[in-house]
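Participant: Line order of the protein sequences matches chains A and B.
First residue of the first sequence? That's 1 in my numbering, and the numbers climb one at a time after it.
First residue of the second sequence? That's 1 in my numbering, and the numbers climb one at a time after it.
Certain hints may be false.
What the hints assert, rightly or not - Reference listing, derived: stretches of chain B covered by chain A, where coverage requires no fewer than 3 residues with Cβ under 8 angstroms from a Cβ of chain A:
| hint | region |
| --- | --- |
| 1 | 63-72 |
| 2 | 122-136 |
| 3 | 157-165 |
What the hints assert, rightly or not - List of simulated lysine-lysine pairs, BS3-like, C-alpha gap at most 30 angstroms:
| hint | chain 1 | residue 1 | chain 2 | residue 2 |
| --- | --- | --- | --- | --- |
| 4 | B | K77 | B | K22 |
| 5 | B | K76 | A | K165 |
| 6 | A | K165 | B | K77 |
| 7 | B | K119 | A | K122 |
| 8 | A | K184 | A | K22 |
| 9 | B | K185 | B | K119 |
Please keep in mind that the hints were generated in silico from the structure rather than gathered at the bench.
Built from N, CA and C at the ideal position, the CB exists for glycine as well.
Protein chains: 2
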Amino acid sequence: LDNIVRRELWEEWRAEAFKRFKEDILIGYADEDIVDLIEEVFRSPHCFTTSSCSGRITAIDAPYPWLREGSEVLFKKHSPMTPDELATLINTPVLTRLWIVVSGPILHVVTDSVDEALKLLKTVRAEGFKHSGVISMSSSGVVVEVISGVWLSLLIRDRNALLIKTSSLTYLNNLINQALGDAKKRLARLKKLFFEKRVCWN
Amino acid sequence: LDNIVRRELWEEWRAEAFKRFKEDILIGYADEDIVDLIEEVFRSPHCFTTSSCSGRITAIDAPYPWLREGSEVLFKKHSPMTPDELATLINTPVLTRLWIVVSGPILHVVTDSVDEALKLLKTVRAEGFKHSGVISMSSSGVVVEVISGVWLSLLIRDRNALLIKTSSLTYLNNLINQALGDAKKRLARLKKLFFEKRVCWN
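Isolated chain A, as found in the complex (with noise of 0.2 angstroms):
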């Protein structure tokens, strides 16, 4: 396949990403648990990220779980919730709807050809990654988005009251931390991609 990626385009976004991505360490924006992965992502001669999450819980204020605008985020974690954080939160007031939602891992890959990002979208959704694609292409790269299908939304409150029984908090609290547990799993595997199979070095 013609490759419509100019290289020096690449590498000039592929700096700034890099920039970007030193900037959010040194701010401790940074999520962790992907640090060593997005690095060495960089190292790798034809690829680099540009967004990562390494699976996470959020808590939010939005008539559906689904949305963005007209959402508020009220609580955001990349490890375990403890069982004061989910106490706390459940009591939280809220405008319209108290939704948790844990997600699992998600990577934004740049490749520098397009025969390189369908070689890297076919390994990673046999590897388990199904709701991966390439969202775009253009001169600058081609845009692979690594995903899986780990996300689940848990409904907690509306305006006016709780909607889950106040004697099932315990069990709630560990499915949260065992779905992210499984969130963690998926990055695990990823990883293994990276480092060992050496996706993205040929």
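Chain A is fixed; fit chain B onto it per the hints.
Facilitator: Chain B in isolation, oriented as in the chain A frame:
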């Protein structure tokens, strides 16, 4: 961009997909809300579909709502859920956990060139189908998964007990049907793209 798709292989795949679609209609397996869109896509010179969903409500018995293996589908409907259906469902015994999932429309479109796929991708992403991507490319066609973020899970019970308050059942029933309504609005937008804006027709 060079085209990797060989027209005769694409047409072969298209004929097969059309035959399967017609069979699905005959055996009553087709998802009514999306039949007109599928027919329209097949009418276009550069696209056909292999797989689709108009938006639906499912209930599954599974440890997590994203699992397919080891999960059992207890309910599936492409139209609103009645209070009776919900009441029956919540009393169904489960092995693990009972989740109700509402998901938005999905369309797998096979284009006859990479350029056509990228054009389609750009258009649908701009129209709010933000999770869309090219999921495979071969000499038989380029597959674009058109999908929005509309997806929610509701945890109803585990094997021992109900996790929600019985007093919130009507509230949940409305929420489920409102979310499905939102899914169908996305479907309408998708139809507009194909019927009015004539994507896939150049």
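Participant: A separate judgement is required for each hint: does it hold in the structure or not?
Facilitator: Here is what the structure says about each hint:
1. Coverage of the region 63-72 of chain B by chain A holds. Counting CB-CB distances below 8 angstroms, 3 residues qualify, and the rule asks for three or more.
2. Only residues whose C-beta sits within less than 8 angstroms of a C-beta in chain A count toward coverage, and the region 122-136 of chain B has 8 of them, enough to reach three; the restraint holds.
3. Counting residues of the region 157-165 of chain B whose CB falls under 8 angstroms from any CB of chain A gives 6; the rule of at least 3 is met.
4. Simply put, K77 of chain B and K22 of chain B have alpha-carbon atoms about 21 angstroms apart, close enough for the 30 angstroms limit, and the pair holds.
5. As the CA atoms of K76 of chain B and K165 of chain A are separated by approximately 26 angstroms, the hinted pair is consistent with the 30 angstroms bound.
6. Between the alpha carbons of K165 of chain A and K77 of chain B the distance comes to roughly 28 angstroms, so the proposed pair stays at or under 30 angstroms and holds.
7. For the given pair, K119 of chain B sits about 22 angstroms from K122 of chain A by alpha-carbon distance, which is consistent with the 30 angstroms threshold.
8. This hinted pair checks out: K184 of chain A and K22 of chain A have alpha carbons roughly 23 angstroms apart, not beyond 30 angstroms.
9. Distance restraint check for K185 of chain B and K119 of chain B: the Cα-Cα separation of roughly 23 angstroms lies within the 30 angstroms cut-off, and the hinted pair is therefore satisfied.
Of the numbered hints given earlier, the model fails none.
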